[in-house]
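Q: Protein chains in written order, with our numbering: chain V, 1 to 209; chain R, 210 to 291.
What the hints contain is simulated information worked out from the structure, not anything from laboratory work.
Careful: at least some of the hints might be erroneous.
Examples of chain R residues toward chain V, derived with CB under 8 angstroms [what the hints assert, rightly or not]: (1) V250; (2) T254; (3) V257; (4) L277; (5) E284.
Since this is a predicted model, take the numbers as computed values, not measurements.
Idealized CB from N, CA, C, for every residue including glycine.
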Amino acid sequence: MTTPNSEFDAECIRRILAGETHLFHDLIRPCERPLYFLLLSLLRNEVEAEDAAQETAIKVYRNLHMFRGDSQFRTWVLSIGRNEGLGRIRKAESRREDSLDELTEGQNGDFTPAVLTNWREVPSEALERKELGVLLHKAIEGLPEIYRNVVLLRDIEQMDVRETAAALEITEGAVKVRLHRARALLQRDLAPRLKGFAPKRAKWFGWGA
Amino acid sequence: MRIDCKHVWEHISAYIDGELDAALRAEIDHHLATCEICSAVLDSTRNVVVLMADSRVFELPAGFSERLHVRLEGELGQDGTG
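Next up, chain V with everything else stripped away, as it sits in the complex (with noise of 0.2 angstroms):
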């Protein structure tokens, strides 16, 4: 993750609204992969989520001279990118968006672990992370729409819970709970999968037994 640094992009901004305008490459160059994986958890298809992130950027460069810095930049382009999902969405389907409203925080959800004691090592060669990967992309999509998003921005693109927080809309406790809910769901979900990669060598990440 690049960590967001506010003075580069108050100067930045400031110099783009007074006309330096090609600028912007920089200034949103940081927030594409954030923003992308965002989109992607949302609208779950590669072209759509590109579309929707180039839609996003040109949506922030006409309104950029409404940012107001009380939040990161980074923040403010992923939450303009969460609306951009959202409204495509309901464009598309208004029976998908009665689904949304129906996950709240007090569901039901089963997120008892999977107690296999056989997967405890992350498989090591570049092939296996290959196919780690489209076991991790396939898991993530299968995950309700808002854990999904937490998990992107937390896990995938290392934010914090506090910026999470703030470009998904939620409180900082129900990043926490999405977050746990996520990974519960993932390890169990995962971990017999991946029972079948057999570990090349041990304790890679150092740890385990």
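With chain V's structure known, arrange chain R on it following the hints.
A: Chain R only, in chain V's frame:
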């Protein structure tokens, strides 16, 4: 206080993120030292978290950035903002 497996599972995410207070963390460490199942659940959950943070696992589509900036260029070339 003695904690059971289910109690440990409830705190695994916060444990991984280092958000637990010292007393609870010590309780969980004590439990993990003797519970093979919870220890494995912790390891595999942490493996998932580590994998997700690996930027080689989640990459932007090829050419994503180039296409974005080409499209932006069209916009920036027009009249300024606002």
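Q: Using 8 angstroms as the Cβ threshold, decide whether R:E284 counts as touching chain V.
A: 5 angstroms, holds
Q: How about R:T254: closest beta carbon in chain V under 8 angstroms, or not?
A: 4 angstroms, holds
Q: Quick check on R:L277 please, does its C-beta sit within 8 angstroms of some C-beta on chain V?
A: 5 angstroms, holds
Q: For the hint on R:V257, does the least C-beta distance to chain V fall short of 8 angstroms?
A: Holds, because the Cβ-Cβ distance from R:V257 to chain V comes to roughly 5 angstroms (cut-off 8 angstroms).
Q: Hint check: is the beta carbon of R:V250 less than 8 angstroms from a beta carbon of chain V?
A: 4 angstroms, holds
Of the hints listed earlier, there is not a single one the structure fails to meet.
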